[in-house]
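Undergrad: One letter stands for each residue in the lines below.
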Amino acid sequence: MLIIGEKLSIIAKRVREAMMKKDKGPIQEIATRQWKEGSGMIDANIGPAEDGGEDLMQWMVTTIQEVVPLPICLDTTNASALEAGLKVHNNEWGRPLINSTSNDPERFPILELAAKYNSQVIGLTVGKGGLPADAEERAGIAAEIMARAMEYGVPLEDIYLDPLVLQIATSQDHAVKVIEAIKMFQEMNDPPMKTVVGLSNISNGCPKHVRPILNKYYFLMLMNAGLTSAIADAHEMAEALNEKKLLDDVLAGKEIDDAAKMKEIKKTLDVIMGNTLYAHSYLEM
Amino acid sequence: MAFTPTKETYAGKVYAVTIGTGDRAVTFGGENVLPFHSFEGTTPNRPLIAFEIQDVPPSDWPENAQKAFEGVSDDPVKWAKYCQDELKARAIALRLVGTHPDRENRSPEDAVKTVKDVLAAVSIPVIILGSNHAEKDTSILVAVAEAAKDRNCIIGKAQEANYKTIAAAAMANNHKLIAMSELDINLSKQLNILITQMGFDKERVITDPMCSALGYGLEYTYSVMERIRLAALTQNDVTMQQPLLGDVGMYVWKVKETTASEADLPQWGSAEERGIAWEAETATALLISGAELLIMRHPKAVAAVEKIIEELI
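Chains A and B supply the protein sequences, listed in that same order. Going by numbering that gives the first Met the number 0, the letters in the first sequence line up with residues 0 to 284, in that order. Going by numbering that gives the first Met the number 0, the letters in the second sequence line up with residues 0 to 312, in that order.
So here's chain A without its partners, still in its complex pose (with noise of 0.2 Å):
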């Protein structure tokens, strides 16, 4: 499992302006905090960066690589900051990831910085249609990205397939639908694609003591899926691993001996299979 450190994002407001004012110090702690908690990439996300994306985009990849040796996910829509920092990635210390392409028309170009600089990238399973319904349409267009991605010469095991993990306070029946495609997408080529979820989404508008619980049982339902990576919280997903054997033993109908933790469990599985509606004190009930 690749745990990919989600905290440099410029939605976090230390790292806005840590990003505004170019102060390593921030970057730096934050990415060697998750690299010590067992990141194997670091996310390096600035938004659409329209202004001055190519200047930031370096200085992130070198100011991180500087001190972590590490590969970069760089996160953007903007192509050309894309570029600018798959220039000076030190591939030392592994091949870089873009986040991402889709099957929106804007973003194939993306395909092809990652051929032109043997990068692996993320394929968000959306079209320009909006969001999609089910696990069988994020399939389709998985297929379709991974056939443009070999028109474009990407090899389909540097592609990592995301299928859009949706709040689950707004959009409870997609926490399985996205459990299902992460299943169907290891079907669609052998050896087996690659997956990826931006994790937290699934708890975003939470409150906040709920948050690192569905995250963490939901990062092992999907592991129980087979889901190869996450953009996630390294210390969070250390804790859930952790508490893989508890959930594993629940899911498997065995009494565990922390009640309080066994009814945790079983409440946030209800939650996140569906079987008893979303609320926000749902762990109350």
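I should point out that these hints are in silico values taken from the structure, not numbers from a laboratory. Certain hints may be false.
Said to hold, decoys possible - Here are the simulated lysine-lysine pairs, DSBU-like style, with alpha carbons at most 30 Å apart:
hint, chain 1, residue 1, chain 2, residue 2
1, A, 265, B, 77
2, B, 148, B, 77
3, B, 201, A, 265
Stated by the list, open to error - Which chain A residues stay away from chain B? Per the calculated CB distances, all over 12 Å, these:
hint, residue
4, 15
5, 114
6, 152
7, 212
8, 280
To be verified - Examples of chain A residues lying across from chain B (beta carbon under 7 Å, computed):
hint, residue
9, 166
10, 168
11, 276
12, 277
13, 278
Keep in mind that this is a model prediction, so the values were computed, not measured. Just so you know, even glycine gets a beta-carbon here, dropped at the ideal spot from N, CA and C.
Given chain A, work out where chain B should sit, using these hints.
TA: Just chain B, lined up with the frame of chain A:
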């Protein structure tokens, strides 16, 4: 071989709620099947339609809705008695719309007087509604809940922003409570949980997932109600087993199809018939999706829906 229809069995049941007092008390809800699926279980009570009246004359209603209450709607007491005695209403819903700060901005004392006068004039159950101004409703509904103590009314609407005060007032004065959220099933469930976590009996809550008129988002209300009913019945979700409210009249009698005149749109036919049909259609759709309580305006629309209920139940 005789035909045997397939029957579903459901794990849950909708709470039966009784409002009013004495021999005019009315019960709705209580079924353990989807709406009108009486062949699969029991539907002990028919849905309840309450006539909407308000504390100030209905100058904001379209002419064809106003006309039905000509001569009585200048006074809420006359209006209430007319609904009870002439229209044979089983319940009325008194909307204190005149308390809204952008309207007449009537005070809690004014509202209390109206409520007391109306309650003294009728023996049928009364639903007491604020003006949907979250802040003003707290002072209004607290005052009127006390004024209506022990008449077993429904007080509403409690929303996320004001539920604590309003639920406490309803609880202290033995009323039922409407919990309203805005077309979001998860927030609807959450509000029910928060209200019951205050110690409010979950079987005294009526859920309002927010209404919308035919052609103006009815499908959203329909879908949320349907999903709430399925959660209540198939998942036995005790936080979703409250009866559902369709506050139909106020959403219907402001859309183009009920307000446009025949002079402007002659091709649409009789404006009066059009308005009545629009209200009856909207109400019927919500009954089929799960509503047990409807608040409606036009007597002819109410009569049409009562007839449909009679045929389907």
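Undergrad: Checking each numbered hint in turn, tell me which of them this model violates, lowest number first.
TA: Violated hints: 1, 8, 9; rest satisfied.
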